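Let the hints inform the model, and build the full structure from the sequences given.
Take a look at the letters that make up each chain.
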Amino acid sequence: MFELLGIPPQALFGQLLLGLINGSFYAILSLGLAIIFGLLNIINFTHGAQYMMGAFVAWMLLNYLGIPYWGALIIVPIIVGATGIVLERLLISRLYHLDHLYGLLLTFGLALIITGIFRNQYGISGLPYAIPKQLAGGQNLGFMFLPNYRGWVVVVSLVVCLATWFAIEKTRLGGYLRAATENPTMVGAFGINVPRLITLTYGFGVALAAFAGVLAAPIYSVNPNMGADVIIVVFAVVVIGGMGSILGSILTGFGLGLVEGLARVFYPEGSAVVIFVIMAIVLLVKPAGLFGREA
Amino acid sequence: MRKTGFILATLAGLLMAGTAYAQTKVKIGVMNDRSGLYSDITGEGSVVAAQLAAEDFGTDKGITVEIVSADHQNKPDIGSNIARQWYDTEEVDAIADVPTSSVALAINDITREKNKVFLNSGAATSDLTGAKCSPNTIHWTYDTWQLAHGTGGAMVAAGGKTWFFLTADYAFGHALERDTAAVVKAAGGEVVGSVKTPFPGTDFSSFLLQAQSSGAQVIGLANAGGDTINSIKQASEFGITQGGQAIAGLLVFANDVHALGLDVAQGLVLTETFYWDLNDDTRKWSARFEEKTGKKPSMVQAGVYGAVLHYLKAVEAAGTKDAQAVVAKMKEMPTDDVLFGKGQVRIDGRKIHDAYLFRVKKPDQSKGEWDLYETVATIPADKAFRPLNEGGCELVK
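Keeping their order, the protein sequence lines are chains A and B.
Each residue of the first sequence is one higher than the one before, counting from 2 in the numbering used here.
Each residue of the second sequence is one higher than the one before, counting from 1350 in the numbering used here.
Worth double-checking, as some hints may not be accurate.
[What the hints assert, rightly or not] The following residues of chain A were derived to be distant from chain B, with all beta-carbon distances above 10 Å:
#1 87
#2 111
#3 118
#4 131
#5 155
#6 163
#7 222
#8 256
#9 260
[To be verified] Listed below are several chain B residues computed to face chain A (Cβ distance under 8 Å; list not exhaustive):
#10 1385
#11 1388
#12 1545
#13 1547
#14 1578
#15 1587
#16 1705
#17 1713
FYI, nobody ran anything at the bench for these hints, they're computed from the structure.
What you are looking at is a predicted structure, and each value in this text was computed from that prediction instead of being measured.
Glycine residues also receive a C-beta, built at the ideal position from the N, C-alpha and C atoms.
Structural data, given as C-alpha cells:
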C-alpha cells in the first residue's frame, strides 16, 4: 500500500472529509460576517455569541416546548434573527456614521454580556442535545466511518451558502442591497427604504449564525463558550477571504477547514494556529485578502 | 485627678482585655477558574465548599475565617500575580483549590517562597507530591498517578492491552499520559500511539479518527472538562465504542457525565475519590451544597471542603498560623470529615483516602437527574495513591 508523506491514504481522505465538515461551519459563519461587514460596514463581534444563542435556543425549544431539531432549524434563526434586528435598531444603527472601531467595541461588549448571561444561567459544562433519530448512525465509506449527521451538515451548509450567494449576487433584492451600500442617498431617492433594508440584512446575517448554532448543537455540547472558541478563527477566515467578499468567505471557509484537517494529521500541536499563520502570510502578500478588492 | 486616673486605668484594662480576647484571623484565598472550562467543577462551588468548611469548623474556637476568591483563567502568569498580591499585600494565609496543573505548579513555588500554605484540590499533576513536592503544599483530592492506576489499571485488567492516547497539550495531560502509559506497560500492555491535542479544543474528530485507525483496544483520554465531554460525545458519534474500541476517560467528573447525558456516557468506566451518593453523610452535605449552588458538588469542591476544614483544625491545634507549624500539624493529626471519612496526610503532602471505580449507569437504571454512577470497586487508600518512596519527593527520607 502506498503512502502519502507517511500517512496511509485512507487516513488522509478521512481527515480531508473531516476538514470539509469543519469548513462548513467556518463557511456559514464567515458568510454571515461577510454580509454584515460588506453591506453594513459593521465588524460584528457578537457573531459568535449569536451562534451560541442558536444552539441554546434549539436546546430550550426541545426541553421547554418539546420542539425537535427539525422545527428548531427553522424557528431558531427567526427568533435569534429577531433579537439581532432589535439590537441593530436599538444600538448598532446609532454608530453607522462613526469609525468601524466603535461598532467593533460595541459588538464585542455585547458578546461578553450575552456569553456571561448564558454562563451564569447554565454553567460551563454544557447541555446535552441529541442527534435527531433520522440522522443517527453512519456510513462505512471504506476509508472512514462517516456519521450521517456530519454528512448532512456539509450538504445543508453548501446549499445555504450557495443560496445566499445567489440571492445577493443574482436577484433584484440583492441588487438593491448592493446599490444601497454604494450610494444610500441615490437608492433612497428611488423610493426604497434603505434603513429597513439594512436592518433586515443584519437580521439575516444573525439568522445565519443561529442556523450554524443549531447545526452545531448535536456535535458539540451546547456550551456558553462555543461562540468565543470559534469566533476568532472565523474572523481569520473572513480576513483571508477578503473582508466583505461573499464568495471569498465561502471558499475560504471550506478551504481552511481542509488545511486545518491536514494540520491535525501532520502536526497536531500546530493545528490551532495554522489558520493564523496563513492569515499572516496572506496579509503580507495580498493585504486585501484572497478575494478582496484592493481599496 | 483620681477620677481621670481611674478612667485611664479602665481604658487600659479594656484595651489589654481586648488584646487578650483578640481572635486569630485566618484568610483563605480560593483561586480557580471562574468562567472557563473548569468553572463548573471548581469555580463558585469551591468557594461555597470553603465557606461550608468554615461554618462547620465553628465560630467558638477563637478563630475567625475570611474567604476571598479570584479567577486565574487557567493561566499561570495570572495565577502567579494573584498569589503574590494575596500573600504580599492582602495577608492571605492559605490558597485553596487551583485547578489546572500549570497554574498549580506556579502557585506551589510561590507559596514555598513566601512560606504560606497551599491546599490543592483542583490540579491533578502528581509532581506536586513528587519531584516538585514542598513542605508548604497539601495535595488533597486526586492526582494523575491515582487516576492512571485506578482507571488505567482496571481497563488493562479487563483485557485492554493496546492503548492510544488523546492528550491535552499541557502539564496535566502530559503527566496523565505518562503515568497511565507506565501502568499499561507494567501490566504487559503496549502504547501504540498518542496525539497531543491543542488545549482547549472543540473538535476532536480528527484525533479520534487517528485513534480509530490505530486499531488500539483502548483510547485513553488524557484530558478534562469540556475537552473530555467533546471527545466522548464525538467518539460516540463516530461509532468508536460500537466498533469494539473502549474509551477510558482518565479524568471524568460527575458534572461532565451530567453534561453529556447518560445516552452518550453510559458504560464509561472512571475513577473518582468522591461522589455525592456514596453514603448518608455525603448525601446530607451535598444537599446543603446544592441548596446554595443548585448543583451537586464535584470531587474537587468536596476536596476544598475537606482540606480547608483540616487546615483550620490544624491552625487551632498548632495555636499559630505559621505555615511550617500548621502543615506539620496537618500531617501529624489524622483527618476526619463527613466527605472523605478518616484518613491521613503523608509526609510528602499527599492526602490518602479511598478511591472508587464507577461505571456510568444506563438511562433506564437512573432514578434522577444526578443519579449517574454505579460503584464497580473501592480502591483502598493504601493502594489508591503512589507509594511514598516512588515519587522522588525530597521530604521523604
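Check each numbered hint against the structure and report the violated ones by number, ascending.
Result: hints 4, 7, 16 and 17 break, sorted rising.
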